[in-house]
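Student: Chain by chain, the residues run as shown.
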Amino acid sequence: MSSDLFPNADTPPLADNSRRSFLKQSGGILGLALAPPLASQAERLTAYSKVIQGATDITLRVNSQAHTVRVEPRVTLLDTLRERLDLTGTKKGCDHGQCGACTVHINGKRTLSCLTLAVMQQGKEITTIEGLAKGDELHPMQAAFIKHDGLQCGYCTPGQIMSGVACVQEGHATTDAQCREWMSGNLCRCGAYPNILAAVREVASQSSKG
Amino acid sequence: MDTEPQFFETNAAPGVVGQPLSRVDGWAKVTGRAKYSAEYNQLPGLVHAVLRTSDVAKGRVTSIDASAAQRQPGVLAIFTHENLPKLAKTPNNPEDQKAFASSPMSFFPMASDQVHYAGQPLAMVVADTLEHAQYAAALLKVNIAAEVPTASYLDPKATSYVPKSVKGTEGVTKRGDAQAAFRNAPVQLTATYHHATNHHNPMEPGATTAHWEAPDRLTVYDTTQGVSETQKTLAAMLGLATEQVRVVTKYLGGGFGCKAWVWPHVVLAPLAAKAVGRPVKLVLTRPQQFTGMGHREEQEQTLRLGATKEGKLLGIVHEKTSTTSPWDDYAETNSRIINMLYALPAFESTYHLAKASVMTSTSTRAPGDMPGSFAIECSMDDLAYQLGLDPIQVRLLNYAEKDPTNGHPWSSKSLKQCYARGAELFGWSQRNPRNGQTRNGKLLVGYGMATASYPVHNSQGNARVRLYADGRAVVQAGATDLGTGTYTIITQVAADALGVPPQNIRFELGDTILPTTQWSGGSTAAGRVSSSVYLAAQEVWQKLIKMAVIDRKSPLYGAKAADVVMEKGRLQLKADPGKGEAFGEVMKRASLSDVEGTAQGRYGSIYKEPGAAADANMNKEEKDAAAGYSMHAFGAHFCEVHVDPELGTVRVARWVSVMSAGRILNPKTARSQVIGGSIFGIGAALMEQTVRDPNLARYTNADLASYHVPVNADIPDMRVDFIDEHDPHVNAMGVKGIGEISIVGVTAAVANAVFHATGRRLRSLPMTPDKVLAAMRQPA
Chain A
1 MSSDLFPNAD TPPLADNSRR SFLKQSGGIL GLALAPPLAS QAERLTAYSK
51 VIQGATDITL RVNSQAHTVR VEPRVTLLDT LRERLDLTGT KKGCDHGQCG
101 ACTVHINGKR TLSCLTLAVM QQGKEITTIE GLAKGDELHP MQAAFIKHDG
151 LQCGYCTPGQ IMSGVACVQE GHATTDAQCR EWMSGNLCRC GAYPNILAAV
201 REVASQSSKG
Chain B
1 MDTEPQFFET NAAPGVVGQP LSRVDGWAKV TGRAKYSAEY NQLPGLVHAV
51 LRTSDVAKGR VTSIDASAAQ RQPGVLAIFT HENLPKLAKT PNNPEDQKAF
101 ASSPMSFFPM ASDQVHYAGQ PLAMVVADTL EHAQYAAALL KVNIAAEVPT
151 ASYLDPKATS YVPKSVKGTE GVTKRGDAQA AFRNAPVQLT ATYHHATNHH
201 NPMEPGATTA HWEAPDRLTV YDTTQGVSET QKTLAAMLGL ATEQVRVVTK
251 YLGGGFGCKA WVWPHVVLAP LAAKAVGRPV KLVLTRPQQF TGMGHREEQE
301 QTLRLGATKE GKLLGIVHEK TSTTSPWDDY AETNSRIINM LYALPAFEST
351 YHLAKASVMT STSTRAPGDM PGSFAIECSM DDLAYQLGLD PIQVRLLNYA
401 EKDPTNGHPW SSKSLKQCYA RGAELFGWSQ RNPRNGQTRN GKLLVGYGMA
451 TASYPVHNSQ GNARVRLYAD GRAVVQAGAT DLGTGTYTII TQVAADALGV
501 PPQNIRFELG DTILPTTQWS GGSTAAGRVS SSVYLAAQEV WQKLIKMAVI
551 DRKSPLYGAK AADVVMEKGR LQLKADPGKG EAFGEVMKRA SLSDVEGTAQ
601 GRYGSIYKEP GAAADANMNK EEKDAAAGYS MHAFGAHFCE VHVDPELGTV
651 RVARWVSVMS AGRILNPKTA RSQVIGGSIF GIGAALMEQT VRDPNLARYT
701 NADLASYHVP VNADIPDMRV DFIDEHDPHV NAMGVKGIGE ISIVGVTAAV
751 ANAVFHATGR RLRSLPMTPD KVLAAMRQPA
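For the record, the sequence lines run as chains A and B. Counting from 1, one number per residue, gives the positions in the first sequence under our numbering. Counting from 1, one number per residue, gives the positions in the second sequence under our numbering.
Honestly, the hints are just simulated from the structure, not real lab data. Among the hints, a few may not be true.
[What the hints assert, rightly or not] Across the chosen pairs, the derived CB separations fall in these ranges:
1. GLN70(B) - THR174(A): 49 to 59 angstroms
2. LYS157(B) - GLY171(A): 52 to 62 angstroms
3. GLU170(A) - ASN701(B): 28 to 38 angstroms
[To be verified] Restricting the straight-line Cα-Cα distance to at most 27 angstroms, the calculated cross-link-like pairs of lysine-lysine (BS3-like) are:
4. LYS109(A) - LYS35(B)
5. LYS141(B) - LYS157(B)
6. LYS141(B) - LYS164(B)
7. LYS416(B) - LYS442(B)
8. LYS35(B) - LYS174(B)
9. LYS579(B) - LYS543(B)
10. LYS147(A) - LYS35(B)
11. LYS35(B) - LYS134(A)
12. LYS579(B) - LYS147(A)
What you are looking at is a predicted structure, and each value in this text was computed from that prediction instead of being measured. For every residue, glycine included, the Cβ atom is placed at its ideal position computed from N, Cα and C.
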């Protein structure tokens, strides 16, 4: 397997809301109880909302629009999108970060919205599948999924498309093997993988030309 | 109808049927606008229900302390076996069951204190938010007097028995004297095959949203493959008339058989909604999905195959042992495909069951034929190897020119062409006839193939077509689209049948207010719904022609109705095509904005037979006899694997499938379905298994991190081709369906390739690295 499937040692650390740093961060939260609190981490968690218990109003910026929504701290970004903002394009397949159906972009990075809490995402730019097209003009990735039939039931599709867009931006769709690897966090039970690959690779080749 | 409806023939000027149209529902799905059953958030006062399920596989609930849960904010109701409203009819009562159209097991939880399987619903909490309901459900203190469960047929406590019947097949069936044929055969092969428990795991979990619009009007948005079966079953259980229940499924996030049935949560949601007086949404969690909507049972099959020295089959004796629930005699009918796939003079099959502390297993993509094909297709490969024959050669040697089970001719069969085309596309001639001889660096390379087949089941259903004078049309049938492409293919059929472009067609499905049609399953939907729509369009033409020939202003005035045909939206004389007019003209003169047609489409051997002679309730033998033909789709899969002899990993490197399944309505969506079925089968071959703890009878890996389904990196380039068939016997459209056949034979093709690569025969699925390494330690 070629080395481009894995991040280089000198790749900058993943941004805050990736799955990996979430785990790191939850480790840190657990650590608060055991060791002197890390001021920066505590600040990060409470910077936007001083209320840390019970339902509270927060403002989320989703698809370039500000939404004020009342949530408890335990409410995930996924359930906030689906159950409070009626942005049901983002899907819940497992609720445990195992299937990728809930993938959204936070500050341009792909993020599993079931593994992050809504209160943590204040002040950030959240993009969901509903925010990808410009009016009636589909994003090239959406058009490529239709063209290559990169979907059947459509339930994993929003997550696949959000991952696909990010995969191209990350530069992880330069070969078939690399693209397969970096699209493997998104499960598709209908088995549209070869068509998903074709769609993502086509958009990647267009982007590199453009 | 005045004239006999004609079989759908491709016109000289072809339309869109058979063209690779992109999915008409693609736009809704890629933009996130497609609304699935858990996404009807606009219902007034919608609240959430959460299930609390049992950690214990067997026992009795001694108490459920709900006091802490009840004190939680937002909690509206808590249901247990002590206060759940009674059902009018319940699956627990065999008499009641007769009123149901789709009840998957003879048990309904929360009707008593009994616990029969881990994951059984014990309580349901309804609250204003999902988080409140989840937390309150976690606070319930459940006490269970646990008993020692039986985990599976492999449990020493399990007693096996031969049931009277499984799924309509007798527990023991005999055709000729297979025992003697085997005993006297010059070549005898005996092998036992194991198949792990598999779960469907559609990406969309089971979900039901129930809304009582009035005390006698219930609307349910449900993840179901059959809205009318769910409607009928729910109505019976809730004590309503069928028409008082409406079931809606506009988009379904995969099904694969598990969404074909009314599982307990589908009934619990309306009960909760009625009690709290508000619409209720109940969504299964992923772990609950593993114990909420059935599974493919773990099983073993022993195949004893007798053949001549030349490789011709003489007889097969097949035995299957599997686990079933405490209440049902359920097993996939593996014997069906083994009985019919080759020219086999004698066959005997016996089903053994053992009851364990599990829910009833259920239909899973190509039930029976999928695991059955693993056994027969590995054994055929063994036979080829033992006799020094090419695997395709041994299959051609035993090619069934007619159905060996009843002697009937096939309605159509193009399997030879599938073998030839598949071998050509794959490069089968490059295969080294000897096992374990082909390498790519340190990897062992193997080629394998297997035959696929799936029957044309009987089904019927209605459709309505409304053609407007402006050339647009609304087409309706209460079908469901599991992601299979129903929206798209029916749009194509309607467009051609009406002679208008596909963008003028709006096809509506997934609602019981639409014409009733049967569930989408068993590969019946494409043939049945397309036929219904095509015939309904014929009725529209019949009405228009009748109007034209008595209309003095029509160029067709005075013509015989039988002499008028429709060509691209124009009514014209068969003998003189210049004489005619557009349908819109006829409607305008009659001051009609539209004309409607309805029809019942039939699929399988009941097609063309009058209702009195054959109907959907007849058994398979009666129907086949009525039709005079046996109806099956056929195909072949070809596979290249790379096996790492040090790590035991198996990777599928190349894949070719060639299918012959009657008319292919849309090669683009059909190809996707075949790829999808193959990938589902590759998962079963290499990685999928749900493990039940032998002591606790609880799944140890009920989530998508530890139940491995294939990911993109597991799947190579795949090539699919179709052998087009003209089959006027299966239905008016000549369609056989491809959803199920695409998985049949897949596990065997992979296992045969592993055998070719390593010289080791793996007979236990999935072929995980530990099993491969263990086999590599044995002599080839």
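Student: List in ascending order the numbers of the hints, as given earlier, that are violated by the structure.
Tutor: Hints 5, 6, 7, 8 and 12 contradicted; others consistent.
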